[in-house]
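Novice: Heads up: the sequence lines are chains A and B, in that order.
Residue 1 is where the first sequence starts when you use full-length UniProt numbering, and the numbers rise one by one after that.
Residue 1 is where the second sequence starts when you use full-length UniProt numbering, and the numbers rise one by one after that.
A couple of the hints might just be wrong.
Unchecked claim - PhoX-like mimics (lysine-lysine), calculated; alpha carbons at most 20 Å apart, straight line:
1) LYS269(B) to LYS24(A)
2) LYS155(B) to LYS464(A)
3) LYS450(A) to LYS330(B)
4) LYS296(B) to LYS296(A)
5) LYS263(B) to LYS19(A)
6) LYS234(A) to LYS169(A)
7) LYS440(A) to LYS330(B)
8) LYS269(B) to LYS34(A)
9) LYS34(A) to LYS263(B)
To be verified - Some chain B residues judged to face chain A by a derived CB distance under 8 Å, without partners named:
10) LEU117
11) ILE127
12) GLU156
13) LYS220
14) ARG240
15) TYR243
Unchecked claim - Sample of chain A residues at the chain B side, in silico, Cβ under 7 Å:
16) THR26
17) GLY300
18) ALA341
19) ASP342
20) SER358
21) LEU361
22) ARG381
23) PHE389
24) ASP390
25) TYR437
Think of the hints as simulated: they come from the structure by calculation, not from any bench.
Just so it is clear, CB atoms sit at the ideal spot from N, CA and C, and this is done for glycine as well.
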Amino acid sequence: MIVPLDWLSDYVKLPKEVKLLTDKLTVIGHMLDKAKDNIIDLELRGNRPDLLGLIGVAREVATVFNQKLKLPDVSTLPKIDKGCNLVKVDKSAQDLVYRYTAFSMKIKIGPSPGWMIKRLESWGVPTINNVVDITNYVMIETGQPMHAFDSDKLIGKRLNLRLAKNGEKFSTVQQGQIVTLSSEDLVICDDESPQTLSLIGGWGSKVSDQTSEILLEAATYNQANCRRSSRRLKIVTDASVRHEKLLHPAQVLPALERAYYLLQKYASAKPTSLVSDYYPNPTALKSILFYSSEVKRLGGIDISVKTMIKILTSLEFKIVKSGLSYKITPPTFRTDIEQSADIVEEILRIYGYDQIPSIPLSGIIPQPMTYSSYKIQETLRDHMTILGFDEVITLSMINNKLAKLFGCDADAISLINPPDPDIATLRTSLIPGLTEYARKLLNQNISDIKLFEIGKVFYKQNNKHVEVIKLGFISTGNFFDIKGIVDTLGKLLGISNLKPQISQLDPAITYELGIKTSLYWVEINVDNLIHELPPFVNHYEIRSIYPPIIEDINIILTESYDSLINKIKKLSSLIKQIDLIDKYENKLTLRITYHSNSKQLSSSDVSPIREKLMSLS
Amino acid sequence: MREKLQNIKNEALAQIISVSDQEELERLRAHYLGKFGQLAQFAKELPKLSPEERINAGKIFNDAKTAIENAVNSKTQIQNPKSQNLDETLPGVPVRVGLLHPISAVAREMNDIFRYLGFSVADGPEIENDEFNFTRLNLPLNHPGRDLQDSLYIKEPNIVLRTHTSSVESHILETHKPPYRFVFPGKSYRYENVSASNHMVFYQYQGVAVGENITLANLKSTLETFVHMFFGPERKSRFRCKYYPEVEPGIGVDIDCQFCNQKGCSVCKNRGWIEMLGGGMVHPNMFRVVGIDPAKYSGFAWGMGLDRITMARYKINDIRALFNGNLVYKI
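Next comes chain B alone, as it looks inside the complex (with noise of 0.2 Å):
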């Protein structure tokens, strides 16, 4: 019994690795596995044997079926990858993937650019004091900086929610010693009637690196290094003179408007550049306040709309919908 049904599976076996058509294989399925092949007719054969005999033979008779099939299986997928039957353009069965929300998918992609050129990630407290905010950014109580944000408050005068994230760079001045390299993307607040392009939750991108000899050249070679990675190896910036209280010299850096290859459009404001970001050489008074020397250490700082750059990559039209569920995860 053993011996017989061992040959057929050595038989079968043989004749279907060697099979080249589709009909000569499933004229072998027939012969062997179907309903009146050659282990059906075994099959009927399994009763008429003794009890001892026929668990034997019953484990090697399924083992040869299992055998035959896969051989059949395989033969089958190997020999015809187009089935004649199947519609391959039915979807495949479908795979459930989590996806990042679009502003940590740009930070990152930020992140491992500025992590490149030896920088590394930080991050700091919302809930913020007057000091941390406003006055060791080199924005004294009555500056009129302190006019451009309107500040969402905790507890007056001095608690409020960051403006920004350079409070983060506060704290990284007070606590690591030169010379450093930082980015820290982060979450700011600030007083502002929700609207497709204004928030009062809203992102910011913003990087410091201090040391010896560091200069605006540095800075330059940072962005544009930035700008190429991020934005393409074609695209161009511009330097120009901007001001901002906790730097000096100050920068504002554009780039090529690619909607109007800078010919002037409604996007560019006519302008042919997009603003970009601000930075500049990090304020000597923001050393002084730490006990460092500005005349021995130097370093620069930047700072982006995290937000925006997000909404120009992914194609989002309304602040909005980065936080209120009208956003569609496309897989």
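Excised from the complex, chain A in its bound form (with noise of 0.2 Å):
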């Protein structure tokens, strides 16, 4: 919100430093975005729309300076007509339509004062004429839109506001701009055609030199609606980004009011008609029951009553005390507070938020509970970089050319709306990712590759999306430079049968991606390894204070290694280690470790097992 400070004090007296006013808005709950030439800018907060308006800033002001707001001068309006004459509301639109109040007059066109002028200019609106001018500048002032039409251009000079029908041409304001509408988007339309949207007025019945009666609107309408309007038509104005915030229809008759008094002034305005004011369920005011302990409870800071009522009184909240507790009534301008909490934190950021003291957490201290999903990726992290490998993370989603040449697009889940098209999938596997990854580091002459990943995969199973928890590595060397990883992660983790697919990458897929270098890759499901991972494993036992047997055997393998090595661990449970030294053909060199915790071993306990050893093969 843009706050031209000289404007801003017509309604309230600002400290001399423009930096003290910032700092506390900022602290308050408005940041300030940017500060130049006596106009700052504050941000937006998506539930105050009272501050879409210069009196909402100033009323922030008074009360953080112990200031008193003067509210501008207003006119009374013209009566109601209980007919409502000038607005009709199809029963089609009802639910977008909270309130439309409106009344004709004749006015004089000429131009605008020039300190009104100048001020719109600050506030960057271009300036029209006298009426346009002024419907703008009290938008400015209120954060309540408001229109004038030319009552000679509409036909019948009325209004109706209904749903668009689907294909539906508007011809906004702006000069040359025709939006197609569709039936989801209000219109409000004289007897013939639509004259505006609630986001923009309409070029056939918009004010100009040639007007002389007017009729003058202020409305309140569904914010989603309007949302969802400025979305679809791509229009963004500074009354699309009002009547998305939840404005109360309340605020429609003050702004009406201001408005008029403007026009009397310096467009000479008539009134012509009554005033028809649209409001089939006028909105209830709310009543919020409120302990003053709750300050304490929630913000951990001791605030006198008085003080809380002092703080709620000028920001015009209502208090009336109900027995131990107070029944507490917002403004209406205050959309946002809806119960307790939020009274609180009126009180809390206006006496100030460095105010609350920093008080440690106490209290028993929760069990330590760190999810095993979580824990075993950490784990895994720490055992995958003692081995060397770099973590690295790849996205989620990948290059469609790229799963369906890893062949995971059948089950693959596709993203609706892809910011990239040619990134819509999301990967059922690690392995695509980290490849790509590799190949890059391989066009940097990188040639000692070992990247492991650790994430989530994706894909649909039985029309439901599952997603689970995958540890990838790849990299360069050799089948046993990865069988020995695997191997020692088994010890690490203490999962002696760690036994995953060891895979060459295909070489359909490193010739298609140019590849030149043999890369091999492993991919664990963590969330099946969660479940078999022991509570406690023991690396360590101490040494025996008798020396091995060490000897160096040559066996003939006939079978598969592990089967022979699992025969020879039956043999004897002296044997204590078997190193593979050598392999030539099907001739193993097997060192055989032979040890006793109980007693020194001699050739004696040894020679039996070995003659057994070397009828194995």
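Dock the two chains into a complex; use the hints.
Specialist: Okay, here's the thing in structure tokens:
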């Protein structure tokens, strides 16, 4: 919200130093975006439509600096027309219009007074003529958008609010801008065609130099519908920004009264109708039950009840004591105040967040309960980095071509609205991303690649969306280099049967990606691993005081190495370790370590075992 | 034979141990181990022995030779830590180590700090439904807050990739009974055209503590402790009022801008402060949805940009480099 300070000072006395003003506004919730030449720009708060008007800003300033708020002059409106002859709302549009208030008047078109032109320009709106400028001026003052029609251009001289027809065209007040409406857009029509939208005025009935009579309106619409129309039609105006927020219908009247005053003063306005006030379900004032102890309970700070009441009163909240509690009625323009916690925030922010003490959490420290799904990821990160692998993170969505190349597009989940249509598939495996990453490193002439990633993969299963945590790694080297990694990882985790598939990257893929180096990869389902992970792994034991007997034997391999080793292990409990020393074709040299914790071994202990061992091949 | 070798060995070891300068050591090395040294002389005798004797003598010979060599070598190292011929500025043998991704490294630093404050670490699904991503966070269907985030849809209208890690908070509120304290780092997604400063994949770090008598004063202490431990004890933080649908009262926390010492610069938009995180007291509506009495229990929650903080920490000025292979791991 742009706030020209000399304009703001119409409504409240400002502190001499701009920095004092902006610092205070920032701390109470309206952060300074930028300041330049006596104009400050405050960040918009999603829930405070009252701050989209300068009077709202002035009210905050008055409260923090203990000043009086000076409201601008207004004129009393003509009487209400019970028949509401100027405004009809079609049944289909009744959910979209909360209040629509309008009346007509004769006016004299001319230029706006110089001070108004200067102010509007400082705010950044172009000036047109006195009537249009006054509607803009009042919107900036009050936050309530309003619009003036040229009455003579309105066929039937009245308005009908309805849903647009699909494909219906509308020419906006921006010359040459024609938009195509859908059946979800609200249109404000004369007897023949759309004249305005909630977002923007229309070309046909705009106020021009020839205008002699106007129809002035202010309204409150369904915010969500305004927002959707604005997105759909790609129209963002000062009015649309305000209508999207929860403006209170009660704000319509003071805005019209203010505009009427200025129109009388600067455009010789003379009313030609009563006020048509379409407002079928007036919003009731709500009161909130409030206990002053809540400020301490949520804020952790002692503030006297007297101070609380002073703050709330200054913000125009009505307070009635009711036993131990208070009934508090927020002013209509504070549509953000719904419950007790909101009132606590009001008191705290004005009292000063900087006054809140810093008190460590106390009470019983909750049991540590880090999720096992997180813990295992951290464990794997430790192990993989120990094993010399660098952790990388690749995107959860992959290039469609890559997905296809890896054949993981069958059960893949696609994004409905990908920002880049080429990257629209959620990965079903970490390997395509890791491969692409490795390729990038190979292209940089990095030859020793060891990468891992821990992350989610996604796929469809029985019409459900499934996500699984995976550990993937990719490495240059040969099969047994990777097998060594997997073996050690299994030992570190204490999972003896960790035997994932070790695969060489498919030559068809490497060819397609232009990768000339052999890459091996492994992918492990971490969610499954959680259940296999022992709670404790003992990597240590005391060294025996008895020396081992170590000998190398030659043996011919007639089966798989794994099954041979299993057989050897079963021969004797004295065999503590078997290492593969050498292998030539099917001839193995194994180093056997015999060891006992209870006695010194001699060759008489070992030789019968050795004989059985030799007979294995 | 055996005796003779034993004597040579003992004599050699005694001399080598007591030697005090490099030249003398070199002379001893040549004397015993050199081409025409004592052991070489001995070796010439070996073939003259009978086969059985030879095996035995060979073994003793080797023992003696190894022992003398070892003694010379270790003496050389001890004697002469600065060898005259060695250029010690030559690089050492490279050791391959694995490094964590910077985001994991920063998350770990943060987890350590918050664990010390009694927090555990939680996580949750990345594919979310409308209810957990929005509704339970006090963002009903027509809430303008939903405009703040443009979601990536899996299935319209109600299956999205989570737009923030606040969805984990929805699940925590649903599954745990107070008191509890959790932090939850994680990936989030949004509709965003990828550039150096924005990405459709980003990381957040959030936390929540729920119990009785938890106040904004506790949040202030928790976050101040974090700022001091993570950014340094000299850093200042500022608390101001800020609106987020899922908290009430809401706070924004800024830290002092170190680029300009709070004088005002382009980094801090002349504010002297840099926005760091948002938070506040868990909104009473969020407690009501899960059947917790907001008059009895209270809690605080906060969230910050894990990727932004990571980028600032490691001076990475392009968010894409976190994911695309343009990051150099310097060890």
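Novice: What are the numbers of the hints the structure violates, in ascending order?
Specialist: none
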